[in-house]
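Whole structure, please, built from the sequences with the hints as guidance.
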Amino acid sequence: MSTISFKEQRFSGRKLFTALCVHLVLIFIGLIVAIPLYWSVISSLTTNDLLFKDLSWIPTALHFENFSNALQGAPFGRYFINSLVVAVAVTIITLLTSALAGYGFAKFQFPGQKLLFGVVIAALMIPVPATMIPSFILVKQLGWLNSYAGLIIPGAVSGFGIFMIRQFMLSIPDALFEAARLDGCNELQVFWFIVAPLTRASLVALAVITFLGSWNNFIWPLLIVQNPNMMTLPLGLIQFKSEYTVNYTQLLAASLVIAAPVVILYLLMRRQIISSFASSGVKG
Amino acid sequence: MALLAHPGENSAAPEREKRTLLLDSTRRSQRLKRRKQLTGLLFVLPGVIPLLIFVIYPTLSAFVLSFTSWQFVGIPTFEGFANYTSLFSDPQFRQSLVVTLQLALTTSIPTTLLAFVIALLLNAKIPGTGWYQTLFFLPSVLPTVVTTIVWSLLYQGNGVINISLNLAVPWLTDAHWALLSVSLMMIWTNLGYFVIIMFAGVREIPLDYSEAARIDGASTLGVVWHIILPLIRPVLLFVVVIATTGALTLFTQTFLLTQGGPAGATRPLAELIYDLAFSYLNIGEATAASFVLLLLALLIAYVQFYVLRPKDI
Chain A
1 MSTISFKEQR FSGRKLFTAL CVHLVLIFIG LIVAIPLYWS VISSLTTNDL LFKDLSWIPT
61 ALHFENFSNA LQGAPFGRYF INSLVVAVAV TIITLLTSAL AGYGFAKFQF PGQKLLFGVV
121 IAALMIPVPA TMIPSFILVK QLGWLNSYAG LIIPGAVSGF GIFMIRQFML SIPDALFEAA
181 RLDGCNELQV FWFIVAPLTR ASLVALAVIT FLGSWNNFIW PLLIVQNPNM MTLPLGLIQF
241 KSEYTVNYTQ LLAASLVIAA PVVILYLLMR RQIISSFASS GVKG
Chain B
1 MALLAHPGEN SAAPEREKRT LLLDSTRRSQ RLKRRKQLTG LLFVLPGVIP LLIFVIYPTL
61 SAFVLSFTSW QFVGIPTFEG FANYTSLFSD PQFRQSLVVT LQLALTTSIP TTLLAFVIAL
121 LLNAKIPGTG WYQTLFFLPS VLPTVVTTIV WSLLYQGNGV INISLNLAVP WLTDAHWALL
181 SVSLMMIWTN LGYFVIIMFA GVREIPLDYS EAARIDGAST LGVVWHIILP LIRPVLLFVV
241 VIATTGALTL FTQTFLLTQG GPAGATRPLA ELIYDLAFSY LNIGEATAAS FVLLLLALLI
301 AYVQFYVLRP KDI
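These protein sequence lines are chains A and B, in that order.
Taking the working numbering, the leading residue of the first sequence gets 1, the next gets one more, and so forth.
Taking the working numbering, the leading residue of the second sequence gets 1, the next gets one more, and so forth.
Be a bit skeptical, because a hint or two may be false.
Below, computed lysine to aspartate or glutamate pairings styled on EDC-like, alpha-carbon distance capped at 20 Å [stated by the list, open to error]:
1. K36/B - D183/A
2. K107/A - E178/A
3. K33/B - D183/A
4. K125/B - E211/B
5. K36/B - D174/A
6. K241/A - E65/A
7. K33/B - D174/A
8. K36/B - E178/A
9. K125/B - E204/B
10. K107/A - D174/A
11. K125/B - D208/B
12. K33/B - E178/A
These are calculated hints, taken from the structure and not from any lab test.
Quick caveat: nothing in here was measured; it's all calculated off a predicted structure.
Structural data, given as structure tokens:
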């Protein structure tokens, strides 16, 4: 009896030691991840002449006026609205077209299907920089520079979305749709009442990935927007940076304001977001 | 049709009726089939037509423009392979190819190794490790513009890194250091994403395997080397593929951190394309470089589909 309990104790002691070591390693890496973020938060609350001279990890005075000053330094409200309009529109359009096309490819047979699906796969593999110059020219010819149309419509085109939803729909048995059809549903009703609810999990995953991708997108707005009224937050922030070159604390304050919606969304939906990225295997 | 083989006076009329009925039903089923085909097509088109307009057409147009000389105005003139020959003899382009490859290697290998170790630690079923993943992934969700601004300040000559570690490293102003600086920032940003992918892969491995090996007297390292590593190989390769594709599309980070400098030392292909088009107004060479980038992307896609797939299915 005594030997067994001794063994158990030793075993749990070893386990405790292992757990401690694992935590130490993870905390160390966690600190490396967290320190730049922590530094940017405390630095956004200090003054410019203190920022580089006196590095203090615990702030002594909090200058919240950096935030109000930064927000007055550029039309961030306007940038915010632009970002929100674009990200919401891009997400809705991507979800709708991806769900419809994913369903069409997974559950119907029609002539030219292979060719059209080839288009989806090709679009999935063509990286953005390979097409950015001709896309810019196209949008310019369409007269969409400096417009919501130019920001939204090319941004809502997603071979990835169609592919992802199709893969998911392949796993749904046809019998479910047939039953609804026999009950007199037309195709759009089948789609809306049967297909969409069944695909909800992957639609939410696609929505999260699309929204974050659009909110954080920098290169496309950089290409097609010069008018400050049409700038999104990332582009507006860089505009602000080039105008206030040495005002680092305000630059950090503005950066944090831009990151805030994403951080809040992330903290609220962290499980959902992490599993979305884990299952998709593709990051925007 | 077999019914037709029994002609008879009395049965002629109902026979004809049956035939028309049969024809009618095949016609109806054909009509139904055609309707179903049309429905499928209609479901697919709103997704596919924009792809044709905003991805396929620009790709083809990049290909066509790469054989011309054009400055955004006037009519492009045909130049044959001139853009490609001048591109490949251009030291800037060759440097950019090398930089892209260097960034791919210097970010993918450390990130993959680190993420693998972290995934194993997270998988050790130790209580209280759940929230680390949330922290590690945070930089990946933040706007790239924001993380890059933060790092551009950290890397200043009199910035936090140099001060707190008592260094005087020219992080962004020296060619060799600048490349390392970009890599370090990329590793910091993408580590969490790689951890998530890797952790999902490690969790798939049945526990019995490693426990059986453990009972047979294998050490922890032995289990990792002989059981986990071979099983997770597809995930490892997948992660390397993602990192390489990431280097091909890398733009924002270098554009904001170093503007590709000093002297092009950190200018990846995507940024070179941007510079060729918008600084030099050389659309011909810009689209030729785009096409080279596309070929590299297709090569990676080929590796992903034909080299990785057979092993993991």
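Numbers of the earlier hints that this structure fails to satisfy, in rising order
Failing hints: none at all.
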